[in-house]
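Protein chains: 2
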Amino acid sequence: MAVNLPLPLAENLKPVAGVELGWAEAGVRKANRKDVLVVRVAQGSTVAGVFTRNRFCAAPVQVCREHLAAGKGIRAIVVNTGNANAGTGEPGLANARATCDALAAQLGIAPEQVLPFSTGVILEPLPVDRITAALPAAIANAKPDNWLAAAESIMTTDTQPKAASRTVQIGGKTVTLSGISKGAGMIRPNMATMLGFVATDATVSQDVLQALVSYAADHSFNSITIDGDTSTNDSFVLIASGKAGAPAIERAEGADFEALRAALTDLSQELAQMIVRDGEGATKLMTIQVEGGKDVAECRLIAYAVAHSPLVKTAFYASDPNLGRILAAVGYAGVDDLDVERVNLWLDDVLVARDGGRNPEYREEDGQRVMKQAEITVRIALGRGDAAATVWTCDLSHDYVSINADYRS
Amino acid sequence: MAVNLPLPLAENLKPVAGVELGWAEAGVRKANRKDVLVVRVAQGSTVAGVFTRNRFCAAPVQVCREHLAAGKGIRAIVVNTGNANAGTGEPGLANARATCDALAAQLGIAPEQVLPFSTGVILEPLPVDRITAALPAAIANAKPDNWLAAAESIMTTDTQPKAASRTVQIGGKTVTLSGISKGAGMIRPNMATMLGFVATDATVSQDVLQALVSYAADHSFNSITIDGDTSTNDSFVLIASGKAGAPAIERAEGADFEALRAALTDLSQELAQMIVRDGEGATKLMTIQVEGGKDVAECRLIAYAVAHSPLVKTAFYASDPNLGRILAAVGYAGVDDLDVERVNLWLDDVLVARDGGRNPEYREEDGQRVMKQAEITVRIALGRGDAAATVWTCDLSHDYVSINADYRS
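Protein chains in written order, with numbering that gives the first Met the number 0: chain A, 0 to 408; chain B, 0 to 408.
Extracted from the complex, chain A is given alone in its bound form:
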């Protein structure tokens, strides 16, 4: 079940000049499903990424870091689902490199110009032969208007493909951004989401692109959580092909930079929220806004404590305004000098707790009314500063347990 997540329509997804996408059915884990994606990137594009901070980062993430550092210019991306190639040691690294080698040979580029990505079960050997055997088919059907099929080809427990586009004016030219994302469980990104790819035909220098991808990740994928489990494979990649003919953006300032950053952040937030809306078993989308903090870090600490509390998440699932559970999570979040007598709590427009205690005017039926909605904003004011942070999450339902008790079967 997904929360207000309409199916993306192919005609709403805009091609990005210089970027072609092709898929194949490799049978990595299951037959007859799109499970390999190849993205071809025009020569002269810049590519930047952010990756998981999980110490058990997957083999492909390690290879991505190496290949980006090599600086030869990225020309292709290859993604497989069904197997994360994580917790696989040296053989896993060899398999990730073998995938790059095979794609590079077929495209006539260097292996260091390929970025590999994997998502799926951890701790199992990657069936690299099945993946490389499927590459010719993916290359053959690569085309610029394949964004919807590309989104489908990276799904695992997702119930729907996730894709969106934006346009923005840069120096009188229309610049396009299109992106896809996937993920529904093991979602508490720390640097990036499970997998997110955004391409634009803007012209952006490498260091500015890195600044853009970090900023967008922090304000989107790095502000969502489903189950608090930071994946071994989180990756968010931004491609700039330069094919729009717009002025080059070579400094992280100015109107063009800010326009592109705003469009990218907006697109990334939509893609990130799609992941939460499709969270495993999700029936509600909760926006946790913490304000009045001393710094952003403490606001995020409290927002995540609330977002991760199984008791809070099950109360939302039940539409039960058992809102003391939210205060309990605020209290144990780890802000040791928090003065609870200054804390206010709203559920949408309903003031539930004032000065750390129950608001005398609060009526249970008002809380009940908000709790029944599919989308709810929890606003927590700390009364100790000007900082704020927002985290998006979903509820914890019976279906979450069913999905994760059955995932491999």
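You can trust all of the hints, since none of them are fake.
The list cannot tell twin chains apart, which means a pair is met if one copy fits it or any two copies do.
Each computed SDA-like pair below joins lysine to any residue, with the alpha-carbon atoms no more than 20 Å apart: (1) K371 <-> S401; (2) K293 <-> N343; (3) K33 <-> I138; (4) K13 <-> K142; (5) K371 <-> D405; (6) K71 <-> D206; (7) K29 <-> D319; (8) K33 <-> L147; (9) K29 <-> E363; (10) K33 <-> A136; (11) K371 <-> I402; (12) K13 <-> T264.
These are calculated hints, taken from the structure and not from any lab test.
As the structure is a prediction and not an experimental result, all values here were calculated from the model.
The hints should help you fit chain B onto chain A, whose structure is shown.
Same frame as chain A, but now just chain B:
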């Protein structure tokens, strides 16, 4: 459903000279259930406690700290279930004090000689009149052999009462320890459990008693988690009546101190594990042992990351050896310089991962065999030092969701 948790038998619970327990049905939240407990403590006893570090600590916890600091000698304890008296601001404090005043008046002691405790729903006004009205009945039936009824009277979502006893020889005298605990959800104690009370007839000075209660809490209640939610009301209290006639223990060293500490820690671990065995919806008890760490703190960080991961907990519920989820949790626990290539993972006696990757000799059927057990040890060796830590937890089942979606109804 509880995991290997036999009903305690009244005849196995030993009276502690100087301590009498009595219960009543006050109808705090529901009619016809034991929901008030009064414990009378002989004059000259020492009493020490540790309490929640949740910033939204409940009104009774604040009053307990005040009354212990007053140093007048604690003579009575009063507990109610059905309402936590937390998130209740100044009226909550007044209600906690009113409860102490009423009990003190009836027992002819000072209000500062009473410790109040509450457990139940947060953010709702305490029905103090119903509690004070029930005190005479509780006082009237107070007697030394009432430990089982006392355990029953502090239950909330617990499916079974939790109580146990120990004896130990101190200076040729038999010293008895008996204790009770409660809790099944909102369990991730930080200083102490939801509610735990242990009494002994040993003679122990106040500062040694404080050292004992802290040590025992750290090695028992502070090493369990069910859902990661640190309660607003966690309290663990130790009473020493001195009625056994054993030599006084006035220094935190020596054979007598160590014998008492060992018996107390053993009893506290049994009471704490009872809480996990009765965890909301629990079908499995998992012991998470992390060893080979640089310090205990990092071992605990990793053990709790594994114990809190919803993906790990649902895999255990399903008896699915999807063990990469454990490595993912180790990797995101926050030990930034962890060398994953030195990490080994066992499930009971089965070596699943060696040097950070899948053990080549590991067979899925071996993992499956262990996963089907009701009690499972997860052992994680970090290979970077000599420190170790153990955390006990349970799985995440459909029933956890059902219980917490229905708790208030």
